[in-house]
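**Student:** Here is how the chains run, residue by residue.
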Amino acid sequence: MIESPRPLGLALPTGDLRAALGELLLDVGISTNGYEPGSRLLRSEADERGFRFRIFRERDIPIQVALGNYDLGICSDLWVTELQARFPYQRVIRLGSLPGPITEVWLCAAPASGLAEGQVPAPDSLAGVRIGTELPNLTDLLAARLRLPRYSLLNLYGSVEAYPPEDADLVVLPASDATAVEALGLVPLHRLFRGGVAVVANTASLASRDCAAVLDRLATAFSPTTPEVTLPDRASTAALKRTARSSEALRLALPDGHAQRHTFAALSDAGITFEGYSEREYVRRPTSAIPGLEVKVVRPQDMPQLVATGAFDIAISGVDRLREHLALFPLSPVEMALDLGRSKYRIGPIVHNDFPAETTQEALALWSQIGRPVRIASEYPGLAEEWARDHRLPHTAIIPIAGASEGFVPEDADILVEGTETGNSLRANNLRMLDPFLHSTNCVIVGTRPPTARPELLADLLARLRAGVQTARIAEAQEAAASSPGGAA
Amino acid sequence: MTETINAPAAAAPVPRARGMRDLVPDQMRAFRRVEDAFREAAQNWGYEEIRTPTVESYSLFTAAGALSPEMLAGAYTFLDWDGWSGERVMLRYDSTIPVVRAALDGGIELPARLLYVQSVFRGAEGEEWQCGLEYLGAPAVVGDLEVAAVAANTLDSLAVPVELHLSHAGVARAAIEAAGLTDLLARRALLDEVAGNGLAAVRGAFAEQPQALAFVDTALAGSGELALVDNLIALARTGLPAAVAPLGELREVAAALSEGGRTIAIDLTLPLDFEYYSGVTWELRGGDLSWGRGGRYEPVGPGTPTTACGLALDLDGLAAHLRGTSPRRAVVPIIAERESDLAAALDLARSLHRHGIPAALGDAGASPITLSVGANGITASGPDISRERATLDEVVQLVLQHK
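Going down the list, the sequences are from chains A and B.
Residue numbers for the first sequence follow this note's numbering, so the first one is 1 and each next one is one higher.
Residue numbers for the second sequence follow this note's numbering, so the first one is 1 and each next one is one higher.
If we strip away everything but chain A, and leave its shape as in the complex, we get (with noise of 0.2 Å):
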């Protein structure tokens, strides 16, 4: 049988990039079907040019295209460079730059640090020093020409800001400029990278496909904007002044995101409210009433590290999260003190519709004679790995990606370890899951330690937790009997 030839993969990038990015692709006469804004399609299929489109969150981008998974793709010159500066010898180049927002990533540090705008600190000041981040490659790179003689790296998945000054002592984050910084409440120190939007190739497929139907389009459009990584040449004198988190109270962190309803509402069963923190908005820290209780917004996925570490005694996460984290860590002294039973889903390995096994054992005989590394994607690395080692899986791949998961599937990853609450999401792309391993709900996450300051306190908000879990039991219970035949009316 002759096989048609594989058609000109090309990734783009769902998010805020998608509206504009769509509308210059339409300019330049590259037919994108489906990726106008609104919709929820995250591929296409070879159109009549021989070429398939597929969305992803950017920083998988060049990743992707790296992989050899797409020819070419479109993203932040952030996520090429974050990818480039740790691994300089991936198989992706940057062939030019589209028209498109600036970032600019900055080194910053809250206003207590004594730092002024401009003012890297003195390297000699730094020793020990805390970096929050969401990207760590950079960070790298920028520690390694400072000379940090040695620092921790808080690898972060999101709300970098709201670390400075007691959780973090610099953070390196992406800003649209200095004013940006500045309007979250830090000093920018040093700016660390600037760049736009870019088009990247993997070299192999530059080397020995045509992709000219799509870059002689692409290059009408490219625009002279380079980025730049600019490494520190020069310190200040001005040392950093650090600041310790409290030691007279306990710390408290609330989730923001798709978990907050569900944090309020468990909150709200006991009783407990935090001016600034409702069920669809929040301050970074919102104020307690409660004598001694500390509180901050951050992200679900990084709260166990967070209690582990003990900047915090308490968090309000996910099941998922904390398991995901035990699978990586297994002795990390964190620990579920009271599963909220909210925000219920199912974690399980997804397939397309197409896939010949209707379950897991099924799919794990094919999986095992496939004759190449087995592709697992997932935002649940470490949960995907403990999956496939359980099920001597023999030889594997796991992909870590950041979103945009459900069009991974069949042709960049055999399976997807993902979450669903409703399966909506998986019916829309020709996707189902076999055997979930993991039905998640909202859970109260504290060390195993017992935290050294006002642990009556936070005996007392567990108290009143498990008494709220109880209060929308027997609610829950009541509404269910009322609507069922023969209930109250």
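Derived from the structure by calculation, the hints contain no laboratory data.
Every clue listed holds true.
Label pairs and their in silico Cβ distance ranges:
| id | chain 1 | residue 1 | chain 2 | residue 2 | range |
| --- | --- | --- | --- | --- | --- |
| 1 | B | V55 | A | D233 | 27 to 35 Å |
| 2 | B | A140 | A | Y89 | 36 to 44 Å |
| 3 | A | G114 | B | T182 | 17 to 25 Å |
| 4 | A | A207 | B | P383 | 56 to 64 Å |
| 5 | B | N231 | A | Y89 | 39 to 47 Å |
| 6 | A | A212 | B | R328 | 54 to 62 Å |
| 7 | A | G114 | B | P210 | 43 to 51 Å |
| 8 | B | V55 | A | I474 | 51 to 59 Å |
| 9 | A | G114 | B | P53 | 34 to 42 Å |
For the chain A half of the interface with chain B, some residues (derived, Cβ under 10 Å), not all of them:
| id | residue |
| --- | --- |
| 10 | Y89 |
| 11 | A144 |
| 12 | L153 |
Computed footprint of chain B on chain A, listed as stretches where at least three residues anywhere in the stretch have a Cβ under 8 Å from a Cβ of chain B:
| id | segment |
| --- | --- |
| 13 | 129–143 |
| 14 | 221–235 |
| 15 | 301–314 |
| 16 | 328–334 |
Computed from a prediction, not measured in an experiment: that's the story for all the values here.
All C-beta atoms in this analysis are idealised placements derived from N, C-alpha and C, irrespective of residue type, glycine included.
Use these hints to put chain B onto chain A, whose structure you have.
**Tutor:** Positioned in the frame of chain A, the structure of chain B alone reads:
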């Protein structure tokens, strides 16, 4: 290209990790030959062996100021096995810093002469094996000569011809100082460049200083004999005075090596390689090949000696060069004719081993002699041998004759 998942394929073997190499027996024979030659040469000078862990704290390298942005790209770093605390570790990138740490941890008295045979892990290069030594607290010149002599003696005993290319890190440091960069980070940035590209990296800083430029251009013109050092000293007196003392030291070391019969070349184009080098540095060259590098450095950190000399030989490269020059040792096969003869066959093997003769039960590859143990005692046979009821002494003599 299409792929159907339900078409069973043969289970593919899991490949080696990228950058990692196996050493199969004929490579190992050459590897051991280099290793043995190095150990003997170093031990003749009083060096004792040390071995450091494969995994070190990431901070060990950052605290030593050794992890430049360029090196970072090739470092294998990851969270430790229980990395919830964020503690990162690093596969040994270089052996010098771990050996200095181990000497301090172990309370080893200075001066200390330490040798090692271990691998380092560097990005695309993967795992690289090195024979190296660190002379901690080595006095200037005498220490330089001793360390260079160990390297040269090793290559002599392997019959690998070598030329010693000599430089001095003090020259590059003097040039960096003269570049007038007052800021610590700016100086470090330039040092990063010098580490990768040598003295060429500072040339641009002297566009307005003709005397200094004359010195740098002469230094960059290529390698030369001892006279090149004298010429450079003459130019440095006006162009780069801080380089005069390092050049004087370089001359002293080069002259002693040359008078001792070594082939030397003065070569200030050598990259600094590691920022910690501070004195005479050298590279062992055989034509276009580099067999190793070394030099004087200043260990960093509290309690470390103020000065030290080290070298690292490219064990992989030397072993590849010598591959095929160390034939496999013949193994005498011993055949037990009956089950009841197995114990006697084992006993015979043990006796031969005591005489330094490799012997194994059953097929052992090509051998000029085969021994059988059976009803007629020991029988030795071969193309021109046939002896029944041989005594152990006779067997040993026969094997040695036909070795």
